[in-house]
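Colleague: Sequence:
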Amino acid sequence: VALCKGFFFCGQEPFVADEYIERLAWRTPGGGSRVGEAFDPKRLLEEFVNHIQELQVMDERIQRKVEKLEQQCQKEAKEFAKKVQELQKSNQVAFQHFQELDEHISYVATKVCHLGDQLEGVNTPRQRAVEAQKLMKYFNEFLDGELKSDVFTNSEKIKEAADIIQKLHLIAQELPFDSLMGFCCYPLFSPGKYHDLECQLIQEFTSAQRRGEISRMREVAAVLLHFKGYSHCVDVYIKQCQEGAFLRNDVFEDAAILCQRVNKQVGEIFSNPETVLAKLIQNIFEVKLQSYVKDQLEEHRKSDAEQYLKNLYDLYTRTTNLSSKLMEFNLGTDKQTFLSKLIKAIFISYLENYIEVEIGYLKSRSAMILQRYYDSKNHQKRSIGTGGIQDLKERLRQRTNLPLGPSIDTHGETFLSQEVVVNLLQETKQAFERCHRLSDPSDLPKNAFRIFSMLVEFLCTEHIDYALETGLAGIPSSDSKNANLYFLDVVHQANTIFHLFDKQFNDHLMPLISSSPKLSECLQKKKDIIEQMEVKLDMGIDTLNCMIGQMKHILAAEQKKTDFKPEDENNVLIQYTNACVKVCGYVRKQVEKIRNSMDGKNVDTVLMELGVRFHRLIYEHLQQYSYSCMGGMLAICDVAEYRKCAKDFKIALVLQLFDTLHALCNLLVVAPDNLKQVCSGEQLANLDKNILHSFVQLRVDYRSARLARHFS
Numbered sequence: 001v002a003l004c005k006g007f008f009f010c011g012q013e014p015f016v017a018d019e020y021i022e023r024l025a026w027r028t029p030g031g032g033s034r035v036g037e038a039f040d041p042k043r044l045l046e047e048f049v050n051h052i053q054e055l056q057v058m059d060e061r062i063q064r065k066v067e068k069l070e071q072q073c074q075k076e077a078k079e080f081a082k083k084v085q086e087l088q089k090s091n092q093v094a095f096q097h098f099q100e101l102d103e104h105i106s107y108v109a110t111k112v113c114h115l116g117d118q119l120e121g122v123n124t125p126r127q128r129a130v131e132a133q134k135l136m137k138y139f140n141e142f143l144d145g146e147l148k149s150d151v152f153t154n155s156e157k158i159k160e161a162a163d164i165i166q167k168l169h170l171i172a173q174e175l176p177f178d179s180l181m182g183f184c185c186y187p188l189f190s191p192g193k194y195h196d197l198e199c200q201l202i203q204e205f206t207s208a209q210r211r212g213e214i215s216r217m218r219e220v221a222a223v224l225l226h227f228k229g230y231s232h233c234v235d236v237y238i239k240q241c242q243e244g245a246f247l248r249n250d251v252f253e254d255a256a257i258l259c260q261r262v263n264k265q266v267g268e269i270f271s272n273p274e275t276v277l278a279k280l281i282q283n284i285f286e287v288k289l290q291s292y293v294k295d296q297l298e299e300h301r302k303s304d305a306e307q308y309l310k311n312l313y314d315l316y317t318r319t320t321n322l323s324s325k326l327m328e329f330n331l332g333t334d335k336q337t338f339l340s341k342l343i344k345a346i347f348i349s350y351l352e353n354y355i356e357v358e359i360g361y362l363k364s365r366s367a368m369i370l371q372r373y374y375d376s377k378n379h380q381k382r383s384i385g386t387g388g389i390q391d392l393k394e395r396l397r398q399r400t401n402l403p404l405g406p407s408i409d410t411h412g413e414t415f416l417s418q419e420v421v422v423n424l425l426q427e428t429k430q431a432f433e434r435c436h437r438l439s440d441p442s443d444l445p446k447n448a449f450r451i452f453s454m455l456v457e458f459l460c461t462e463h464i465d466y467a468l469e470t471g472l473a474g475i476p477s478s479d480s481k482n483a484n485l486y487f488l489d490v491v492h493q494a495n496t497i498f499h500l501f502d503k504q505f506n507d508h509l510m511p512l513i514s515s516s517p518k519l520s521e522c523l524q525k526k527k528d529i530i531e532q533m534e535v536k537l538d539m540g541i542d543t544l545n546c547m548i549g550q551m552k553h554i555l556a557a558e559q560k561k562t563d564f565k566p567e568d569e570n571n572v573l574i575q576y577t578n579a580c581v582k583v584c585g586y587v588r589k590q591v592e593k594i595r596n597s598m599d600g601k602n603v604d605t606v607l608m609e610l611g612v613r614f615h616r617l618i619y620e621h622l623q624q625y626s627y628s629c630m631g632g633m634l635a636i637c638d639v640a641e642y643r644k645c646a647k648d649f650k651i652a653l654v655l656q657l658f659d660t661l662h663a664l665c666n667l668l669v670v671a672p673d674n675l676k677q678v679c680s681g682e683q684l685a686n687l688d689k690n691i692l693h694s695f696v697q698l699r700v701d702y703r704s705a706r707l708a709r710h711f712s
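In the UniProt record's numbering, the protein residues as written are 1 to 712.
Hints listed in this document are in silico derivations from the structure and should not be mistaken for laboratory results.
Take the hints with a grain of salt, since some may be wrong.
[Unchecked claim] Label pairs and their in silico Cβ distance ranges: (1) 117 with 94: 43 to 49 angstroms; (2) 306 with 596: 36 to 42 angstroms; (3) 106 with 327: 54 to 60 angstroms; (4) 49 with 83: 50 to 56 angstroms; (5) 691 with 413: 42 to 48 angstroms.
Glycine included, every Cβ here is placed at the ideal spot set by N, Cα and C.
Please construct the entire structure, taking both the sequences and the accompanying hints into account.
Modeller: In structure tokens, the structure reads:
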């Protein structure tokens with residue numbers, strides 16, 4: 001099997017011993033593998049022995065072949081190794097030759113460089129001598145007065161001629177004038193000759209620019225770079241660039257377009273494009289823009305402050321916007337400072353006194369807006385009290401004198417105007433915007449505070465405060481009949497206006513002063529204004545007295561004694577009295593007006609005060625009548641309606657007071673036997689016995705011995 005396995009491995013076929021034996025047995029007659037065939041073990045053994053012998057012979061033959069191949073392989077390996085050694089020796093020899101060749105090349109190169117240096121040392125003086133010879137030749141032509149060389153006669157070789165003239169001019173300048181040579185050369189190479197050539201070059205540059213020949217312009221500019229007139233060449237370029245560039249009305253847009261066009265071109269012409277572009281921008285600012293700004297501002301500077309400020313703001317804004325566009329270009333190292341200086345040079349004379357003009361205009365404009373409004377109302381402003389906050393608080397504490405003396409009739413006019421307020425706020429808003437743009441950063445908070453002070457003076461003091469003072473003076477006395485309470489309208493409008501004032505304070509003033517000491521001053525000034533107005537609004541609490549007075553008039557006019565002691569107890573058809581209906585209607589209107597006129601905690605404070613006074617009025621009013629049984633029921637219905645009206649106040653204390661009053665009215669109708677039980681109820685248990693007694697005394701049957709005995 002091992003022999004067979006080795007044989008099959010040589011044939012590169014997979015060997016399976018069992019399959020091999022089976023195939024061998026199948027091929028051998030008598031092997032027993034075929035169907036119906038008898039099994040002959042001897043014959044099968046003989047076949048196996050013969051086959052093993054054949055395999056052994058084959059193995060020996062293959063083994064000899066393998067040994068022969070191994071010997072041949074070893075022989076060839078030795079020959080290859082020997083050949084590799086010979087190649088390594090040849091490579092070493094070649095490397096040595098290469099090193100020798102490299103050293104020889106380096107030696108030759110050194111010799112060549114040395115020879116080149118020697119040749120250059122000889123050639124440089126020779127070239128200088130040649131150039132000196134040429135200069136001497138040209139010098140002789142100048143001495144003879146006849147310029148015959150092609151370089152002087154051919155206009156296309158103006159570049160070479162310029163180079164020669166430049167060199168001769170430098171030589172002539174180095175010669176002392178008192179020497180013979182210097183004296184002879186000066187007339188030939190005087191500034192006149194030098195400048196003549198400069199003029200020719202500049203003229204050539206100008207012609208090339210007009211023709212749009214960029215390459216020729218670049219060539220001439222490169223020649224002029226070594227001449228004194230190079231700056232004049234730049235000036236000519238700048239001047240011609242601006243020809244036809246400012247044809248529209250918008251000089252700022254024209255300037256931006258021109259600079260953008262030149263920025264693309266100047267790098268192809270000049271070796272220092274950033275300097276040329278900066279000089280162009282400087283020329284535009286100092287000539288075009290300055291002249292334009294002056295024409296626009298000087299026209300209105302003395303005659304029309306409003307138009308002057310609008311023009312100044314507009315021109316300064318457009319100039320700074322142009323500067324922002326120019327920041328995109330390469331103008332050197334510190335272009336921000338460069339452009340800022342140009343802007344400052346244009347506007348410095350106008351910005352120095354800007355705030356004085358602004359304040360003067362704002363003051364006159366605000367005064368005119370207010371005066372025009374009062375004139376439209378045919379109203380002559382009265383002088384108002386000028387006391388401070390402490391004085392106002394003292395007047396509030398005493399509640400004796402109103403600010404404007406005796407009551408005056410305002411005919412329903414609040415003397416507050418939304419249009420006036422909007423105009424004043426709009427003027428101030430524009431002033432804040434101009435202040436932000438035109439003020440120096442160090443002066444911005446101070447200037448903004450001055451504008452804010454103007455707004456406070458004319459809006460808060462001259463308009464809102466005056467209206468409050470006038471409204472206070474127009475509050476009628478508590479005993480006035482059919483009094484119109486316009487002060488609440490004043491409060492409503494003043495509240496709305498102050499919200500607008502506060503919005504402008506936060507939106508436009510705060511950003512200008514938020515990081516400066518002026519912030520605390522402005523906040524304090526605003527706080528003082530609010531406190532002063534609140535004090536005056538508190539003084540307007542006298543309006544509540546008028547409301548109570550109106551209710552008294554209604555009750556006195558509408559309430560009858562027979563309402564609570566009807567002649568026919570069995571024929572009462574009404575649910576509540578006419579006086580109650582009218583009083584409740586009046587109260588509901590006043591509550592709605594108060595809610596519309598005020599906001600925040602002020603609403604609850606005023607309504608609570610009104611509610612308490614309303615309760616006291618009804619309480620005292622009910623104490624004036626005697627009540628029969630049916631009249632007591634009607635009084636309870638009235639109080640129930642008053643209590644329903646009190647719910648509109650949405651004040652817990654007021655509702656509690658009317659609940660108690662309603663419970664007290666039950667004493668007017670309860671059976672005598674139940675009086676003690678009712679008085680000890682939850683709502684009446686904590687009341688003073690005198691109060692309970694006062695209500696029981698209002699009953700028409702109080703003097704009966706039975707009622708007096710039960711109540712005692």
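Colleague: A separate judgement is required for each hint: does it hold in the structure or not?
Modeller: Verification of the supplied hints:
Remark: the range hint 43 to 49 angstroms for residue 117 to residue 94 is contradicted by a beta-carbon distance near 35 angstroms. Between residue 306 and residue 596 the beta carbon distance is about 37 angstroms. The supplied range of 36 to 42 angstroms therefore holds. The hinted window of 54 to 60 angstroms between residue 106 and residue 327 holds, with their beta carbons roughly 57 angstroms apart. About 52 angstroms separates the C-beta atoms of residue 49 and residue 83, a value consistent with the hinted range of 50 to 56 angstroms.
Hint check: residue 691 to residue 413, Cβ distance near 45 angstroms, so the stated range 42 to 48 angstroms holds.
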